[in-house]
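Student: Spelled out, the chains give:
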Amino acid sequence: MSVLSEHSTGHRFDFLTALKRALLSALIAFGLFSLLIGIRTDTGPTGALVLTGRPALLAIIVGLVFAGALVRELILRDRGIALGRFVSPDLLARAQALGKFVGLALLGFAILVPIIFYHDRYLLDLGIMILTYVMLGWGLNIVVGLAGLLDLGYVAFYAVGAYSYALLAENFGFSFWICLPLAGILASFWGILLGFPVLRLRGDYLAIVTLAFGEMIRLVLINWQNLTHGPDGITGVPRPSFFGLPFNNDDGGFAHTFGLEWSPLHRIVFLYYLILVLALVTNLVTIRLRRLPIGRAWEALREDEIACRSLGINTTNTKLTAFAMGAMFAGFAGSFFATRQGFISPESFTFTESALVLAIVVLGGMGSQIGVAVAAAVMLGGFEFFREFAQFRMLVFGLAMVAIMIWRPRGLVATRTPSIFLNREKDINAELVRRARTKTWSWRRAQHD
Amino acid sequence: MTDAAAEPILTVEHLSMRFGGLVAVDDLSFSARRGDITALIGPNGAGKTTVFNCITGFYKPSVGMIRLTHTNGAEFLLERLFDFRISKHARVARTFQNIRLFPGMTALENLMVAQHNPLMLASGLTFLGIFGIASFTQAERAAIDKARYWLDRIGLIERADDPAGSLPYGAQRRLEIARAMCADPVLLCLDEPAAGLNVRESGELNELLMFIRAEHGTSILLIEHDMSVVMEISDHIVVLDYGLKIADGKPAAVRDDPKVIAAYLGVHDEELDEAHAEAGL
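Chains as they are written, first to last, in my numbering: chain A, 1 to 449; chain B, 450 to 730.
Keep in mind that the hints were calculated from the coordinates and are not lab data. Remember, predicted model here, so these are calculated numbers, not experimental data. Here a beta-carbon is modelled for each residue, glycine too, at the ideal position from N, C-alpha and C. Careful, some of the hints might be misleading.
[Said to hold, decoys possible] Output of the computed footprint for chain B on chain A, the stretches with three or more beta carbons under 8 Å from beta carbons of chain B:
#, stretch
1, 293–300
2, 309–318
[What the hints assert, rightly or not] Pulled a few chain B residues facing chain A out of the computed Cβ check, cut under 8 Å:
#, residue
3, Val512
4, Gly513
5, Arg516
6, Pro552
7, Val562
8, His565
9, Asn566
10, Met569
11, Ser572
12, Asp610
13, Gly614
14, Ala632
Let's have the full structure, built from the sequences with the hints guiding it.
Tutor: Have a look at this one:
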């Protein structure tokens, strides 16, 4: 039943079809909401639960859905207004041309945040959280965006990093600056360990195994009581020092040494700049790696694994290095998380975290550094912003995500910048670039060659 | 390609490939001489691509030996090498029947990926390259020059920075050959390079292949249906039908072989029997 054929058979038929569709929408709404809204449980006088019907509210909602669907069918579709038209492509193209400028402006803003909002602890904490996710997003971007390996268990490496720092500090008294590289190394070791069994898997199958791996790490953390204190977590994780100077009110502290008045905000600002530097290191390393043979091999692997093998590229090593690099940055971020919180428990490393980081990467546009940064800010800023909506927060937020995915199915930044150019640099439309998800398909096709 | 000087670069002996009960290639033996263009022809389903996949390591043959000899005498038993090692060590490069470029990467990037192994070494397995050491920068510049040379050769220098997926079909075919050549092969395996090309384009392809053989001394093994390509450029033709070799020789001899004609044009059963009887089968 195409729109075209409806047009040709006249207006009356149009109206009937629209009416039918609107009725169908209303029916679905009725089915959905009859239990959700139409019935309410209250505590009766005897303490037992009693059901009260709310037919009026249900009728209003179903009526609204019917009217909305009818309006959409008759007016919007009739005039050929697709939802996507509201965002002009010109505007987006111009925004992309400004990409580099925007990146620098954002960086400048990020550096100035602690100075502008010095007394606003809430904003600084939010900034630290956003930057942590920016770093995680950039790390996962190596695995998902560049190498095209769909990883749903990324949080496992974040957890490995956090517990590495906490346990090394607790048992051996190592300082943050010694533990940071160790946490990265340990996490990348686990990345390689995960990599081996999943080398032959692609697409959905890979996603399932990585998902399981993330859960395994969490369950081990919960159940290995002797080492990890189980669900109680590890308390008293050492706070970071300013290269040996603790942030306290003592004579040897940071404030005293630099002749400042002591303030608890010093540590927050320090943490802010620490995660900013860590995130920028992640970004710079990724940008650099993309221009090296290994980075090109990652992208080639995403585009066509069979062709890679025919060109003598060791796909095993290429995949493992992608996993290891991604995991390493998650490890760094994890140990930062541990030192910032001062307390870690398996609660912090659930699947939701993996999903959130993956959502940031997908929303940002796979492979795009600036897109991931903007997406992290939008997502986490969005969480905070929608806090006012209380219980509808996730609903509103989910709707916003769906809307973005309708308008920008390839993510916020839907172009790929070539890693090298001969004459002039031109961005590549994302339509041509393969994504992690299409891997299964291309593998099946390959087997039929 | 004087007969006396040319020793075989590739020797296939008693190669069989079975998929369950299906025998795709049955006891095939042939050799390709160094510096020759050897064509592998046969009707659809004759097992040509299977032979290719065995040679290039995508399949492990059920039975048989595939020996590749370098000019320095080094020998490689391809049936024992696994996937990427055939390209990396034995230096056999291939193209695919359905083009397998990296569509989201530019033409130049495609050619750079093909030079992965030497560049990887030059970058000190990434550890030195990340600090931008001079020797890597030099190696990269050399790689770009090589890519530029091939882009120029296949007439795509103007489109070097366009994504491979956006190039016209004929250009993609040529780019895939250039990409294989950037891997510095001693043996180039082309799976139906002329498929889908028009007359002018397949003429250009002939020129390109002749150029590759003359200037780079690369031996070529190709599967092809386009007889204008096969008859014009190949020095030696091997004909397969239902996994069996039915003819092997110079283009002129193969063209007149009754079994080849029968396999391509189809004949009545009696005629086929006669042809087989003639050939002593």
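Student: Hint by hint, say whether it matches the structure.
Tutor: Against the structure, the hints come out as follows:
Check on the stretch 293–300 of chain A: 6 of its residues sit with their Cβ under 8 Å from a Cβ of chain B, so the three-residue criterion for coverage holds. Requiring three or more residues with a Cβ within less than 8 Å of a Cβ of chain B, the coverage given for the stretch 309–318 of chain A holds, as 7 such residues are present. Of the supplied interface hints, the one on B:Val512 is violated, with its beta-carbon coming no nearer than about 22 Å to a beta-carbon of chain A, more than 8 Å. Contact between B:Gly513 and chain A, as hinted, is not supported at the beta carbon level, the nearest pair being about 20 Å apart and thus beyond 8 Å.
Given hint, B:Arg516 at the interface with chain A, is violated; its Cβ is 19 Å from that chain's nearest Cβ, farther than 8 Å. For B:Pro552, the interface hint holds, the least distance from its beta-carbon to any beta-carbon of chain A being 5 Å, beneath 8 Å. The criterion of a C-beta within 8 Å of any C-beta in chain A is met by B:Val562, whose closest approach is roughly 4 Å, and the hint holds. Checking B:His565 against chain A: minimum C-beta separation of about 5 Å stays under 8 Å; hint holds.
Against a cut-off of 8 Å between C-beta atoms, the interface hint on B:Asn566 holds, since the closest Cβ of chain A lies about 5 Å away. At its closest, the beta carbon of B:Met569 sits 5 Å from a beta carbon of chain A; the interface hint therefore holds under the 8 Å criterion. A cut of 8 Å between beta carbons decides the hint on B:Ser572: the least distance to chain A is about 6 Å, and the hint holds. Taking 8 Å as the C-beta cut-off, the interface hint given for B:Asp610 holds, the closest approach to chain A being about 5 Å.
This hint holds: B:Gly614 has a C-beta 4 Å from the nearest C-beta of chain A, less than the 8 Å allowed. Because the beta carbon of B:Ala632 sits about 5 Å from the nearest beta carbon in chain A, less than 8 Å, this interface hint is met.
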